[in-house]
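Visitor: Given the coordinates of chain Z, work out where chain D should sit on it, guided by the hints.
The listed protein sequences derive, respectively, from chains Z and D. For the first sequence, the numbering used here begins at 5 and goes up steadily by one. For the second sequence, the numbering used here begins at 5 and goes up steadily by one.
There may be inaccurate statements among the hints.
Same chains, same names: a pair is fine if it fits in one copy or spans any two.
[To be verified] 27 Å max Cα-Cα, derived BS3-like pairs, lysine-lysine: (1) K206 with K422; (2) K363 with K51; (3) K11 with K422; (4) K163 with K195; (5) K195 with K231; (6) K359 with K79; (7) K359 with K54; (8) K265 with K79; (9) K92 with K231; (10) K51 with K195; (11) K151 with K163; (12) K420 with K11; (13) K151 with K195; (14) K422 with K92; (15) K422 with K265; (16) K28 with K420.
Just so you know, the hints here were simulated from the structure itself, not pulled from any lab data.
2 protein chains.
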Amino acid sequence: MQFELTKEYLEQLNIAVESKIEAKILELIDGLHAVDIAEILDEQSTKEAKAFYALLPEELVADALVELDEDTREKFLEEISSEEIAEKIIDNLDSDDAADVIGELSEEKQDEVISHIEDIEQAGDIIDLLNYDEDTAGGLMAKELVKVNIDWDVATCIKEIREQAEEVEKLYTVYVVDENDILQGRISLKKLLLAPENKKVKDVYNDELILVQVDIESEEVAQIMDKYDLVVIPVIDEIGRLLGRITIDDVVDVIREEAEKDYQMASGISENVESSDSTWSHTRARLPWLLIGLFGGILGAQVIEAYEDQIRIHAGMALFIPLIAAMAGNVGVQSSAIVVQGLANNSLGLDGLGKRLFKELLVGLINGAVLGSLIFGYNFFFSDDLTLSFIVSISLVSVIVFAAIFGTLVPLMLDKYKIDPALATGPFITTANDIFGLFLYFYIFYLMYN
Amino acid sequence: MQFELTKEYLEQLNIAVESKIEAKILELIDGLHAVDIAEILDEQSTKEAKAFYALLPEELVADALVELDEDTREKFLEEISSEEIAEKIIDNLDSDDAADVIGELSEEKQDEVISHIEDIEQAGDIIDLLNYDEDTAGGLMAKELVKVNIDWDVATCIKEIREQAEEVEKLYTVYVVDENDILQGRISLKKLLLAPENKKVKDVYNDELILVQVDIESEEVAQIMDKYDLVVIPVIDEIGRLLGRITIDDVVDVIREEAEKDYQMASGISENVESSDSTWSHTRARLPWLLIGLFGGILGAQVIEAYEDQIRIHAGMALFIPLIAAMAGNVGVQSSAIVVQGLANNSLGLDGLGKRLFKELLVGLINGAVLGSLIFGYNFFFSDDLTLSFIVSISLVSVIVFAAIFGTLVPLMLDKYKIDPALATGPFITTANDIFGLFLYFYIFYLMYN
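This is chain Z alone, in the form it adopts within the complex (with noise of 0.2 Å):
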């Protein structure tokens, strides 16, 4: 039932395309969405996708370009006559979707696009969604909507409805407004389906409406989506009045991206990078944490070679540089992960912050216990110095009891002061976490033996 593109379909296409053998073409993408269509010619070159692209029914090309990767998209763009964009793409899409396009292209091309666009009210639209930033709820939401008016009965709802529904896609709710466009509540088809014709509004409609304001972060909008389990939510200005409404669908879009970036920051991958990207884009996503991580490296490195002399003597205290430095690192992105998350979920609870650095002081304790025993015990076994192996639980103990704390107090300190909490798994904690591990090992390394 779905499409799923291979290299063969990929081969047939192209060569139909370069052929222009039109009715094989709409063989081959007979039942496609634009969804596909829109993989198809992310994976073509620029050559074939641009012949293909012209090949295409009309009614898929707005909606293709809608889904392209935003690179693809703009060489796309670039091609196109402003005057093909208004009439063949713009006018085929939602007021969101539309915006969107035209806030990708220069300022210059911006102005002409609109002004070809036919339909006033949409030009009006689209000039009041590009003012929203694209990170807030009116960057997100689109202006087409149904909407009653409280006074009416329910039979001229039916017929308002019917009306304004020939111009929105998808229907999920009817709002009510007041005389002065003020949102009041919300009422279902299902209600107006099953009540009396001469009922009024104000008689049969839900007040009770979870409302985001224009001006809050995406991110926001996400969380209360996703907490309330809501397809759409109505967008208000200062005063209340009903702006437009965001649907579900931006808002997955929004929650995957904000968990791919945490995952990216926690993998030390500074830039969205796909597989396929060039292997220039992919040196300058990962380039960035390697060269924090030779920095540390090298810090590590003025740390030991402090103690170099040392080293000589007692050369088995270089067997346990890695196992330090490793732990302090992983116990600290533990504690700083579990904090993102629960920033990220608003799921931290009431706790203050004693509360949670003695729960992780107790965790480090109950961890650092287990493990420092452990290695304890290998040492006692495999080696004859006693008193290495006693700095090396102590250090072990110590550095995962600090890593714990430092790894909770960062991403709570960043998220503070405004920063994305995620950093704190990145290279620069991980980094710091390493070098201080190792710090403290040479230190009571230098304890015990002077």
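Guide: What follows is chain D alone, placed relative to chain Z:
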């Protein structure tokens, strides 16, 4: 507008609950949603929560229970009689939530509760749903839906929809089936409202429909709904009969949990643990990775031990142990993370293994060249051992290239054998890379000095 739980609010509420001042409680929870109530219950002590729950208005009882943390819910259900569960809770839930709640009970209690459900149809739906694996489309779907026969006219349809809609809380799509209940397509309410009453369904319905079979995995359902921006998707059996529907809110949970699982894996947390969970849960979630880390550290120590005598002579070698080990781990995680995300998003594209590995080789060589030169420069200026400088740089480049290729191969292989590829960004591979990095470093050291 949205409820935010504070310490002060909780204290006020707990006082009111303790003194059973019902008016005060109702005032405090006025306008709250079931999710908010669940949030409160999760923060209360078991005793407080039970007292509060007993005083809740009936319409909130069932929904709040569904929204609770699984642990908390289990505690509640243990205290409630089977009859009360059936009447107060199950009766007020959609079939999917009802099946989820019943599925958490003991086998014996399941039978008791089901025997107390009065609505035979609902009991049947729940029994059907309990048969499906939690992690499949069947485990996500609800049986409540609105369907019409393809041979009816629009007037009959609207009449039927009115009747069926009374059972269905939210009406998303009207499905069209034939006389054998085989799914044929869908018809939008909008279209029904706009069509003349005497038209036949078969003349106005839409036969293009994305659907899933009941036995596919929930992750695949999530991928399809996300890809095609669907709010609801129908579920069919092997011969195409309409069984139920899955709504986006349940799928958002799957998407979020999946992303969280990957993040936790990359951060070395082996169980889903929240900040507010007990010290014991935290220890249990974090110790496994640390044990693997400890084991890896011991293996690393053994690699170094083999060269202990040489370290006495060339103590400078010890300096770069943390750098080499950390870099091997970092590069491996980066490469794996990109593959893991590509697999999760279905965005790996059509490149074959050879092309993919060649790109990794290239990225590894570029990154290695940059980092190797930098560390060579550092050593050239700050160390007088030129051989050591060469060893460190050559090792670094080799380790980076090796880890990049290894990090790409492992998740692809895991995926091929149906193991979660995100494991590759977790402890095993990082530790393996660390150790292999050390091994390579000391082996090159051995070759250069002998």
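Visitor: If a hint holds in the structure, say so; if it doesn't, say that too.
Guide: So, going through the hints one by one against the coordinates:
When the C-alpha separation of K206 and K422 is checked against a cutoff of 27 Å, the pair qualifies neither within a copy, at 43 Å, nor between copies, at 56 Å. For the homomeric pair K363 and K51, the shortest alpha-carbon distance between copies (23 Å) is at most 27 Å, but the shortest distance inside one copy (60 Å) is not. Taking the shortest Cα distances, K11 and K422 sit within 27 Å of each other only across copies (23 Å), while inside one copy they are farther apart (46 Å). For the identical chains of this complex, K163 and K195 are neighbours both inside a copy (15 Å) and across copies (14 Å), given an alpha-carbon limit of 27 Å.
Taking the shortest Cα distances, K195 and K231 sit within 27 Å of each other inside one copy (25 Å), while across copies they are farther apart (31 Å). Taking identical chains as interchangeable, the C-alpha atoms of K359 and K79 lie at most 27 Å apart only when they sit on different chains, with a minimum of 25 Å there against 54 Å within one chain. Proximity of K359 to K54 under the C-alpha cut-off of 27 Å is restricted to the inter-copy arrangement: shortest distance 25 Å between copies versus 60 Å within a copy. Taking the shortest alpha-carbon separations for K265 and K79, only the intra-copy value of 25 Å comes in at or below 27 Å, while the best inter-copy value is 36 Å.
In this homomeric assembly, K92 and K231 come within 27 Å of each other (Cα to Cα) only across copies, at 24 Å, whereas the closest approach inside a single copy is 38 Å. With identical chains, the CA atoms of K51 and K195 are never at most 27 Å apart, being 53 Å at best within one copy and 40 Å at best between copies. Taking the shortest Cα distances, K151 and K163 sit within 27 Å of each other both inside one copy (12 Å) and across copies (24 Å). For the identical chains of this complex, K420 and K11 are inter-copy neighbours only, at 19 Å across copies versus 49 Å inside a copy, given an alpha-carbon limit of 27 Å.
Within a single copy, K151 and K195 get their C-alpha atoms as close as 15 Å, and across copies as close as 18 Å, so both meet the 27 Å cut-off. In this assembly of identical chains, K422 and K92 lie within 27 Å of each other by CA distance neither inside one copy nor across copies; the values are 42 Å within and 44 Å between. Proximity of K422 to K265 under the C-alpha cut-off of 27 Å is found in both arrangements, the shortest distances being 16 Å within a copy and 25 Å between copies. Taking the shortest Cα distances, K28 and K420 never come within 27 Å of each other, neither inside one copy (59 Å) nor across copies (34 Å).
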